[in-house]
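The chain contents come next:
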Amino acid sequence: GAGVSQSPSNKVTEKGKDVELRCDPISGHTALYWYRQSLGQGLEFLIYFQGNSAPDKSGLPSDRFSAERTGGSVSTLTIQRTQQEDSAVYLCASSLPGQSYGYTFGSGTRLTVV
Amino acid sequence: AQTVTQSQPEMSVQEAETVTLSCTYDTSENNYYLFWYKQPPSRQMILVIRQEAYKQQNATENRFSVNFQKAAKSFSLKISDSQLGDTAMYFCAFMKRFNNDMRFGAGTRLTVKP
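Protein chains in written order, with our numbering: chain P, 1 to 114; chain X, 115 to 228.
It is worth saying that the hints were derived from the structure and are not from the lab.
Backbone N, C-alpha and C define an ideal beta-carbon position, used for all residues, glycine too.
Take these hints with a grain of salt, some might be off.
[Unchecked claim] Covered, in the sense of this in silico footprint (three residues per stretch, anywhere, with C-beta under 8 Å from a C-beta of chain P), are these stretches of chain X:
1) 151-159
2) 216-227
[Stated by the list, open to error] Anything over 10 Å on all C-beta distances counts as not near chain X; from chain P, calculated:
3) K11
4) G40
5) Q41
6) D56
7) S100
8) R110
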């Protein structure tokens, strides 16, 4: 597609439920990133995929968080047993490998855990 | 590890005036890239300007320019002739060369007043 697409745009879920957030990167972009942005805060790195290499999961805050990328394209971030502190905007970005021009971001998914 | 610091959580400027946003970073690397991103209320992160560390000349993009001081590890953003549409969060970011891992500062919320 022309840009990075994220769905849903907004998600409200009950505490303890599992949620899945989807990211569809720009076609041909082999690098894909997930960031979390809490209210009024900066971007917190979560996970990074590069082609067929093992993902860099060093930013995932707990084992309730996981992500996969199927076929080197679409990625899904899953949060199990959601907690109120998981409420945030989850941003996805993609880039070409070794891309020095930065990332292209999606518009994010605003997750609210009630 | 690289860290990026934005010491101004909030700033305001009158329309048509000039404002400078500060950013400092800490790294032992010699080759890297620096970025300023704008995040309006739509949540979409937009690349404003990019600087290559091995270039001494400061990058400019229309009304946006940077003051890159490599020895001081400082990378400030100057917005000239501020417009109401410049109201947004601004994030400074660092990326090592040949490495897609981008790290962000906490952001500066800029308000342009009519």
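Structure-based check of each hint:
With 5 residues having a beta carbon nearer than 8 Å to a beta carbon of chain P, the segment 151-159 of chain X meets the requirement of three or more and the stated coverage holds. Interface restraint, the segment 216-227 of chain X with chain P: holds (7 residues with C-beta to C-beta distance below 8 Å; minimum three). At roughly 14 Å from the closest C-beta of chain X, the C-beta of K11 (chain P) stays outside 10 Å, upholding its exclusion from the interface. Its beta-carbon lying about 8 Å from the closest one in chain X, G40 (chain P) breaks the requirement of being farther than 10 Å from that chain.
Against chain X, the non-interface label of Q41 (chain P) is violated: not every CB pair exceeds 10 Å, the least being about 6 Å. Once the 10 Å rule is applied to beta carbons, D56 (chain P) is inconsistent with being away from chain X; the minimum gap is 7 Å. At roughly 5 Å, the least C-beta separation between S100 (chain P) and chain X is not larger than 10 Å, which violates its mark as non-interface. Its beta-carbon lying about 8 Å from the closest one in chain X, R110 (chain P) breaks the requirement of being farther than 10 Å from that chain.
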